[in-house]
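S.K.: Residues per chain, in single letters:
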Amino acid sequence: MTFQDMFLTLHRFWSDRGCVIEQPYDMEMGAGTMAPATFFRALGPEPYNVAYVQPSRRPADARYGENPYRMGRFFQYQVILKPSPDDVQEQYIDSLAALGFDPLAHDIRFVEDDWESPSLGASGVGWEVWIDGMEITQFTYFQQVGGVEVDPVCAEITYGPERLCMYVQGVDSYVDLKWSADVTYGTMRKREEWETSTYGFEVADIPMLYRHFEDYEAEAARCLDAGLVWPAHELTLKCSHTFNMLDARGAVSVSERVAVIGRVRRLAARCARGWMKQREEALWPLLPGLEARVAAREAELAKGGDA
Amino acid sequence: MSGKPFLLEIGTEELPSRFVPPALEQIRDQLEAALGVARISHGEVRAMGTPRRLAFLVDDVAERQPDRTVTVQGPARQACFDSEGEPTKALEGFARAQGADPSAVTFEQTDKGERATLIVDEPGRRLADVLAEALPRVVLCATFPKTMRWAHRKVRYGRPIRWLVALLGSEVVPFSIEDIASGRTTHGHRFLGSDRTEIASADAYVETLRRECVLVDPDERREEIRRQVLAVAREAGGEPVGLDEMLEENLYLVEWPTAFAGRFPEEFLSLPPVVPTTVLEKHQKLFPVADAKGNLLPLFVGVRNGNADNMENVIVGYEIVVHGRLEDGLFFFRNDMRRPLSDRVVDLDRVTFIQGLGTLREKTERVRALTDIACDQLGLSRGDRAHALRAAELCKADLTTSLVIEFTSLQGILGGVYAELSGEPEPVARAIGEHYRPASADDALPEMVLGQVLSVADKLDHVVGVLSIGEAPTGTADPHGVRRRLQGIASILMRRALPIDLEPLAQHALDLYEGGQPGTLDQFRDLLRQRAEAVLELEGVALELRSAVLDAGVSRLSQALAVARAIERLDASSPDTLTDAWCTATRPSNIISKRESDSTTVDPSLFEYEAEPALLDAADRIEAVAERFDAEIAAAPVSQRFAAVERATDAALRALAVEAPVVDEFFTVAMVMADDAAVRANRLAMLYRIYLAVTRVAALHDLNRM
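Protein chains in written order, with the working numbering: chain E, 1 to 307; chain W, 1 to 706.
The set of hints was computed from the structure by calculation and includes no laboratory data.
Since the structure is predicted, the reported quantities are computational estimates derived from the model, not experimental observations.
Every residue gets a Cβ at the ideal spot worked out from N, C-alpha and C, and that includes glycine.
Any given hint could be a false lead.
Chain E side only, calculated, beta carbon under 7 Å to chain W, not exhaustive [to be verified]:
1. Leu104
2. Arg109
3. Val125
4. Asp132
5. Gly133
6. Met134
7. Gln143
8. Val153
Here are the simulated lysine-lysine pairs, DSBU-like style, with alpha carbons at most 35 Å apart [said to hold, decoys possible]:
9. E:Lys178 / W:Lys285
10. E:Lys277 / E:Lys303
11. W:Lys282 / E:Lys190
Label-pair distances were calculated between CB atoms; the ranges are [unchecked claim]:
12. E:Glu202 / W:Thr147: 42 to 52 Å
13. W:Asp195 / E:Gly100: 17 to 27 Å
14. W:Lys282 / E:Glu256: 26 to 36 Å
My request is simple: use the sequences and hints to build the entire structure.
M.R.: What follows is the structure, given as structure tokens:
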């Protein structure tokens, strides 16, 4: 199974189970959780099932392309099932079977690993899923997003496609992964990893990054004041990535770290509340019974108008 | 057997292994309590579990509560009869409600006056009914370290509850938690078993699950894992390291264990051994393997949650992961080794110690200053002192290394390794390596005196700092680990009889913070005393004896355990001697609270009885005993203090015992509280001198010898 086959298989699998197949969000971010398809959709009472690939950037994890597993830019395959179905673990295991893993021929385990993102004000409870000792998936029941307690709770399934595929193909390094039948991951990305690692660790202009951070932060706040939660969220993502760049560059001291993460978290929390307000005003469009709610509101308004 | 077996199984998604044992205990206790309250007789209650189920089997449960008669009180007498003496509606209503004839009602005097009373037979309820009511509470009583919600449900649990089985014999006991209803359907091993299996009756539970590839009994599973791990490790050519600890770790990760061995490239044995060990144990829950001399081999043993089929896949997978992690470790290690450890000290300027308490660099300097004073107190040689100070300077430098950032639990240990590799003298490296010990009540103490000194200085700085900004522990909350560190200090001082005087040292620690909340040192003494009590309790020292040795004061804390041991030994070998020593101590101590001043000046011209000069002589001798006690201890090398304190204590107690008749005679003939103020003060001064001298050894009067 090639790297691209894996994505196609997962798309087919989750599409057949009623998920929206989203496209990757076109901005730098550390994880698929930060994309609006998760960050926003996990909030509020509306059901939502979605799957997508999200390219993810973590400059501090870069290894000049030399580590067999760690890269500064990699992929996540993200699934959100809201509310979490009672058979969510079985559905997930079926997806592994669809990828060609016979559970009887491997050691598959759910190992305690609670997830937390201080910069998103998000946390959840769950596991990392091991296949023969290798972590291939983060499995989380969100409890909080943007500082808001979620209800209902969704399940987030985040596959690590490189590791999963390395395992399927039996190769020791991401470099040797067959992306398509005749092109390897290494051909496509190794030089890029070396360059972005060099940039991130050695070259990136620290004062510029600090300036950008300040600008994005101020702009995000302005958008929030104007009720524009989408651009505010995008600018928050930019803040987060800029912070990650500074961190990789070793420019953030331990005490500063907490403070800067706090600034990003405050923006994320405002985005979350802004989104909730927007959806509530729209009467939670994806919640069954919208027509009745619209009618009720119109009646309410009409009554108000009479008075 | 008169009753039936009862089974409760709570099926969950995979619970974290550390959640399972406490939950099993709590639910078992709650189940037993519920049966007790309901007056249901039963046999043994067994708790069993795996990552996916918490199960409870009760033997021989009575099917009904026993019948009983109860006394029911009704309306007051005057309300029961009208003016003609006929029964009122109230009386008839009361009788009817109890299913009795009004003529059966009697009257009893109660504290609310005379009231209608009926003795009613109460038939016992069916067990199934009692259980159906109690079980939701029983299931939900478990307090997990962290709980969660799932889907739309309101209930919180360690992980989602997916099914409930409740069987009394072969009958389902119906109850539910929100929309999850009990039944007889369980689930076998996730992959090897059937998805759904019916349990015919409670007593078939363990065997039904065995057929479904679940070894539900943890004791059986533990022994099975042990047997397999030993066999596989030996076949691969070694012995598993840390077997018992890793057994517990693996026990609640698997339902059907099968052990396997894997290898990693030899080059990784060039890493400090703690790195591969940590990767294997903490990250991958694998058993490291060592040769007969304890040297790590490039091998590991793992336990799969499954059978032996296709084991080659599993082995290859774990080998790849271990390889990758060690590769990362080696990358960090080589990175860190580019700079000697001492170069990193300046980096600590950028690292906050605790919010409000400055940087780690500043902390390092304070620890160095405290180490210096402690070295003085211990009279360490110039060479030792130089090593201790160097270790203090470097002890936090490893916190900026990549390997410690990646493997936080190795802080200090890796510092020691890096110090050695950077060419620091061996004692410096060892002191750094052990200065976080003891990390908990059952952790080992630093072995070397230098490590002990550094550990005490580091912990004391931490504790005094935290107290100085008003963040003392409250209730169960101790965010900065003050209690744990104080217990560490007390443990090192007492168990090694390490003669560090914490009074001046704590004062100095506070001065180094330039101020702090008033009362910081009082708080320090109080908390230290509590932790010292805890250490002595763990050592099995009796309550009064704990008081006796700790009442000698903070400055003498390091002697407390050794003194206690000597007292215990004398009590065992010659209890009368100990009682005599106690007499010498106790009568003076009982009366000196009446003294009007702390004067110890005795004027022989005020003596009226012969017993008084005799007592003065005794006081002189007892003071000499105390002097000798201190001198003998001080003369012993630091490393042999414990035995020296024990010997000195034994000698002192025997000498004090000899004085008992003199003290007794004095109290028999002389009236201490004489009318003449000067005479009174003179007598109290002598007794006070005895009291002061005795309590240098121990507050013997705290003991109970009558």
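S.K.: With reference to the structure, classify each hint as holding or not holding.
M.R.: Against the structure, the hints:
no.	hint	in the structure
1	Leu104	holds, 5 Å
2	Arg109	holds, 6 Å
3	Val125	holds, 4 Å
4	Asp132	holds, 2 Å
5	Gly133	holds, 4 Å
6	Met134	holds, 5 Å
7	Gln143	holds, 6 Å
8	Val153	holds, 5 Å
9	E:Lys178 / W:Lys285	holds, 31 Å
10	E:Lys277 / E:Lys303	holds, 23 Å
11	W:Lys282 / E:Lys190	holds, 31 Å
12	E:Glu202 / W:Thr147: 42 to 52 Å	holds, 45 Å
13	W:Asp195 / E:Gly100: 17 to 27 Å	holds, 21 Å
14	W:Lys282 / E:Glu256: 26 to 36 Å	holds, 29 Å
The structure agrees with every numbered hint stated previously.
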